[in-house]
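Participant: Sequence:
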Amino acid sequence: MVVAEARMGENKTGVSGDGALFNVKFRVIGAQGSGSNISVGNESFLADISNDLVSQFSNAQISVQITVTGPVQNLLAREGAVRYEIALSWQTPADSADKYKVFRKKFNGDYVELGETNNLEFVDSDAIAGGGKIVPGIAYEYRVRAVKNGIESVDVNISQIETRGIKGDNNRTDRVDGRDLENLARHFAETGASVGYNPLVDTTYDGRIDGGDLIDIGASWALTYLE
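Start counting the sequence shown at 1; every next residue gets the next number (the numbering used here).
Do not take every clue at face value.
Taking lysine-lysine pairs in the DSSO-like style, the calculated list, with each CA pair at most 30 Å apart, reads [stated by the list, open to error]:
#	residue 1	residue 2
1	Lys99	Lys133
2	Lys101	Lys133
3	Lys167	Lys106
4	Lys148	Lys25
5	Lys133	Lys105
The set of hints was computed from the structure by calculation and includes no laboratory data. Just so you know, these numbers come straight off a predicted model, no measurement behind them.
Use the sequences and the hints to build the structure in full.
Facilitator: Spelled out as C-alpha coordinates, the structure:
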(Lines of atoms letter the chains of each structure in order from A and count residues from 1; the text may use other names and numbers.)
(Lines give C-alpha, C1' and ligand atoms only; values in the text may rest on other atoms or scores of the structure.)
Protein backbone atom coordinates (compact mmCIF):
# COMPACT_ATOMS: atom_id res chain seq x y z
CA MET A 1 0.00 0.00 0.00
CA VAL A 2 1.34 3.41 -0.97
CA VAL A 3 0.10 6.56 0.78
CA ALA A 4 1.09 10.03 -0.45
CA GLU A 5 0.08 13.54 0.56
CA ALA A 6 0.62 16.72 -1.49
CA ARG A 7 -0.16 20.39 -0.91
CA MET A 8 -3.25 21.24 -2.97
CA GLY A 9 -3.79 24.93 -2.18
CA GLU A 10 -2.76 27.93 -4.27
CA ASN A 11 0.46 28.43 -2.29
CA LYS A 12 2.39 25.25 -2.99
CA THR A 13 5.73 26.34 -1.51
CA GLY A 14 7.01 26.39 2.06
CA VAL A 15 6.45 24.17 5.04
CA SER A 16 4.73 25.49 8.15
CA GLY A 17 2.46 24.40 10.96
CA ASP A 18 1.98 20.94 12.40
CA GLY A 19 -0.69 18.31 12.74
CA ALA A 20 -1.90 15.13 11.10
CA LEU A 21 -1.62 14.84 7.34
CA PHE A 22 -3.84 11.78 7.09
CA ASN A 23 -5.23 8.87 9.07
CA VAL A 24 -5.16 5.24 8.00
CA LYS A 25 -7.76 2.83 9.34
CA PHE A 26 -7.58 -0.94 9.13
CA ARG A 27 -10.43 -3.41 9.44
CA VAL A 28 -9.03 -6.37 11.29
CA ILE A 29 -10.22 -9.89 10.54
CA GLY A 30 -9.47 -13.16 12.26
CA ALA A 31 -10.32 -15.07 15.39
CA GLN A 32 -10.77 -13.18 18.64
CA GLY A 33 -7.46 -12.79 20.48
CA SER A 34 -5.25 -13.27 17.42
CA GLY A 35 -2.77 -10.56 16.48
CA SER A 36 -0.56 -9.19 13.72
CA ASN A 37 2.05 -6.51 13.12
CA ILE A 38 1.90 -3.49 10.84
CA SER A 39 5.27 -2.33 9.58
CA VAL A 40 6.36 0.62 7.43
CA GLY A 41 8.64 -0.14 4.50
CA ASN A 42 12.32 0.84 4.74
CA GLU A 43 12.05 2.98 1.62
CA SER A 44 9.29 5.17 3.08
CA PHE A 45 10.14 8.85 3.56
CA LEU A 46 8.84 12.35 4.15
CA ALA A 47 9.93 15.19 1.87
CA ASP A 48 9.48 18.91 1.36
CA ILE A 49 10.07 20.93 -1.83
CA SER A 50 13.84 20.84 -1.47
CA ASN A 51 14.88 17.64 0.25
CA ASP A 52 13.90 14.68 2.32
CA LEU A 53 12.88 15.23 5.93
CA VAL A 54 14.33 13.36 8.84
CA SER A 55 11.64 10.94 9.94
CA GLN A 56 11.15 7.80 11.92
CA PHE A 57 8.43 5.19 11.56
CA SER A 58 7.21 3.02 14.37
CA ASN A 59 5.82 -0.45 14.03
CA ALA A 60 2.30 -1.07 15.30
CA GLN A 61 0.75 -4.21 16.70
CA ILE A 62 -2.95 -4.94 16.34
CA SER A 63 -5.15 -7.57 17.92
CA VAL A 64 -8.56 -8.86 16.96
CA GLN A 65 -11.28 -7.85 19.41
CA ILE A 66 -14.87 -9.01 19.54
CA THR A 67 -16.93 -8.12 16.48
CA VAL A 68 -20.37 -8.96 17.85
CA THR A 69 -22.04 -8.20 21.16
CA GLY A 70 -24.70 -10.64 22.28
CA PRO A 71 -28.19 -9.39 23.19
CA VAL A 72 -29.54 -9.21 26.72
CA GLN A 73 -31.20 -12.34 28.04
CA ASN A 74 -34.62 -12.86 29.64
CA LEU A 75 -35.87 -9.28 29.38
CA LEU A 76 -38.83 -8.71 31.70
CA ALA A 77 -41.18 -5.76 32.24
CA ARG A 78 -43.53 -5.13 35.16
CA GLU A 79 -45.26 -2.32 36.98
CA GLY A 80 -42.83 -0.50 39.26
CA ALA A 81 -42.71 -0.36 43.02
CA VAL A 82 -44.85 2.79 43.02
CA ARG A 83 -47.58 4.01 40.67
CA TYR A 84 -46.69 5.43 37.28
CA GLU A 85 -43.48 3.44 37.03
CA ILE A 86 -42.53 0.62 34.66
CA ALA A 87 -39.57 -1.51 35.69
CA LEU A 88 -37.40 -3.43 33.23
CA SER A 89 -34.91 -6.13 34.17
CA TRP A 90 -32.73 -8.52 32.22
CA GLN A 91 -29.77 -10.85 32.43
CA THR A 92 -26.33 -10.18 31.00
CA PRO A 93 -25.42 -11.56 27.55
CA ALA A 94 -23.43 -14.77 27.36
CA ASP A 95 -20.20 -12.82 26.72
CA SER A 96 -21.08 -10.02 29.21
CA ALA A 97 -21.45 -6.30 28.45
CA ASP A 98 -20.03 -2.96 29.56
CA LYS A 99 -23.35 -1.12 29.71
CA TYR A 100 -26.92 -1.12 28.44
CA LYS A 101 -29.07 1.37 26.54
CA VAL A 102 -32.83 1.59 27.12
CA PHE A 103 -35.27 3.01 24.56
CA ARG A 104 -39.02 3.70 24.55
CA LYS A 105 -41.24 3.95 21.50
CA LYS A 106 -42.74 7.40 20.97
CA PHE A 107 -46.19 8.16 19.63
CA ASN A 108 -44.73 8.70 16.15
CA GLY A 109 -43.10 5.27 16.03
CA ASP A 110 -39.54 6.44 16.69
CA TYR A 111 -37.59 5.14 19.67
CA VAL A 112 -36.11 7.64 22.10
CA GLU A 113 -33.19 6.70 24.34
CA LEU A 114 -34.23 6.95 27.98
CA GLY A 115 -30.75 6.39 29.35
CA GLU A 116 -27.73 4.16 29.85
CA THR A 117 -27.02 1.95 32.83
CA ASN A 118 -24.40 -0.48 34.09
CA ASN A 119 -27.05 -2.31 36.09
CA LEU A 120 -29.36 -5.10 35.00
CA GLU A 121 -32.48 -3.03 35.57
CA PHE A 122 -34.03 0.29 34.60
CA VAL A 123 -37.14 2.09 35.89
CA ASP A 124 -39.12 4.34 33.56
CA SER A 125 -41.09 7.08 35.32
CA ASP A 126 -42.17 10.69 35.03
CA ALA A 127 -38.65 11.67 36.16
CA ILE A 128 -36.97 10.22 33.06
CA ALA A 129 -36.11 13.00 30.64
CA GLY A 130 -37.29 12.43 27.08
CA GLY A 131 -39.74 9.70 27.93
CA GLY A 132 -42.75 11.75 28.89
CA LYS A 133 -45.33 10.74 31.48
CA ILE A 134 -46.75 7.30 32.24
CA VAL A 135 -50.44 7.18 31.29
CA PRO A 136 -52.55 4.22 32.52
CA GLY A 137 -53.79 1.86 29.84
CA ILE A 138 -51.03 2.55 27.30
CA ALA A 139 -48.91 -0.41 26.15
CA TYR A 140 -45.48 1.21 26.20
CA GLU A 141 -42.91 -0.54 24.03
CA TYR A 142 -39.26 -0.75 25.11
CA ARG A 143 -35.96 -1.85 23.65
CA VAL A 144 -32.82 -2.81 25.56
CA ARG A 145 -29.44 -2.94 23.84
CA ALA A 146 -26.17 -4.31 25.24
CA VAL A 147 -22.87 -2.52 24.54
CA LYS A 148 -19.38 -4.01 24.85
CA ASN A 149 -16.15 -2.37 23.69
CA GLY A 150 -18.29 0.17 21.86
CA ILE A 151 -20.09 -2.52 19.85
CA GLU A 152 -23.87 -2.58 20.24
CA SER A 153 -26.04 -5.68 20.18
CA VAL A 154 -29.33 -6.17 18.42
CA ASP A 155 -32.34 -4.87 20.33
CA VAL A 156 -34.58 -6.97 22.54
CA ASN A 157 -38.18 -5.67 22.68
CA ILE A 158 -40.90 -5.84 25.32
CA SER A 159 -44.07 -3.92 26.28
CA GLN A 160 -45.86 -3.15 29.53
CA ILE A 161 -49.04 -1.36 30.70
CA GLU A 162 -49.52 0.68 33.87
CA THR A 163 -52.90 -0.37 35.26
CA ARG A 164 -52.87 1.57 38.54
CA GLY A 165 -54.93 4.56 37.52
CA ILE A 166 -57.79 5.79 35.33
CA LYS A 167 -57.36 6.65 31.69
CA GLY A 168 -58.75 10.17 31.33
CA ASP A 169 -57.54 11.32 34.76
CA ASN A 170 -55.14 13.80 33.19
CA ASN A 171 -54.46 15.76 36.41
CA ARG A 172 -53.92 12.65 38.56
CA THR A 173 -56.52 13.32 41.22
CA ASP A 174 -57.74 9.70 40.95
CA ARG A 175 -61.12 10.99 39.73
CA VAL A 176 -62.29 11.92 36.24
CA ASP A 177 -64.32 15.11 36.49
CA GLY A 178 -64.67 18.66 35.24
CA ARG A 179 -61.10 19.57 36.11
CA ASP A 180 -59.82 16.97 33.66
CA LEU A 181 -62.18 18.40 31.04
CA GLU A 182 -60.87 21.91 31.75
CA ASN A 183 -57.29 20.67 31.47
CA LEU A 184 -58.12 19.13 28.10
CA ALA A 185 -59.66 22.39 26.91
CA ARG A 186 -56.52 24.33 27.88
CA HIS A 187 -54.33 22.03 25.78
CA PHE A 188 -56.78 21.19 22.99
CA ALA A 189 -55.25 20.99 19.49
CA GLU A 190 -51.67 20.84 20.80
CA THR A 191 -49.31 18.29 19.26
CA GLY A 192 -46.11 16.65 20.42
CA ALA A 193 -44.21 19.50 18.75
CA SER A 194 -46.09 22.24 20.68
CA VAL A 195 -44.29 24.08 23.47
CA GLY A 196 -47.10 23.55 25.97
CA TYR A 197 -47.87 19.95 25.01
CA ASN A 198 -48.86 17.93 28.08
CA PRO A 199 -48.37 14.16 27.63
CA LEU A 200 -50.73 13.43 30.53
CA VAL A 201 -53.60 14.96 28.55
CA ASP A 202 -52.72 12.95 25.44
CA THR A 203 -54.33 9.80 26.84
CA THR A 204 -54.54 8.19 23.37
CA TYR A 205 -50.74 8.52 23.01
CA ASP A 206 -50.94 9.65 19.39
CA GLY A 207 -49.13 12.98 19.66
CA ARG A 208 -52.34 15.03 19.33
CA ILE A 209 -54.67 16.37 22.00
CA ASP A 210 -58.05 16.15 20.32
CA GLY A 211 -61.43 14.45 20.37
CA GLY A 212 -59.94 11.04 21.03
CA ASP A 213 -58.69 12.23 24.40
CA LEU A 214 -62.11 13.76 25.07
CA ILE A 215 -63.67 10.34 24.45
CA ASP A 216 -61.34 8.86 27.10
CA ILE A 217 -62.64 11.41 29.60
CA GLY A 218 -66.24 10.68 28.66
CA ALA A 219 -65.74 6.91 28.94
CA SER A 220 -64.33 7.27 32.46
CA TRP A 221 -66.51 10.17 33.62
CA ALA A 222 -67.06 10.26 37.40
CA LEU A 223 -64.94 7.16 37.98
CA THR A 224 -62.73 7.14 41.07
CA TYR A 225 -59.59 5.08 41.50
CA LEU A 226 -59.17 3.34 44.86
CA GLU A 227 -55.85 1.67 45.65
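Participant: Now tell me, hint by hint, if it's right for this structure.
Facilitator: How the hints compare with the structure:
1. Lys99 / Lys133: holds (25 Å)
2. Lys101 / Lys133: With a Cα-Cα distance of about 19 Å, the restraint between lysine 101 and lysine 133 holds, given a limit of 30 Å.
3. Lys167 / Lys106: Holds: lysine 167 and lysine 106 sit about 18 Å apart, inside 30 Å.
4. Lys148 / Lys25: Status holds; Cα separation ~21 Å.
5. Lys133 / Lys105: Holds, because 13 Å separates the two Cα atoms, which is no more than 30 Å.
When each numbered hint is compared with the structure, no violation occurs for any of them.
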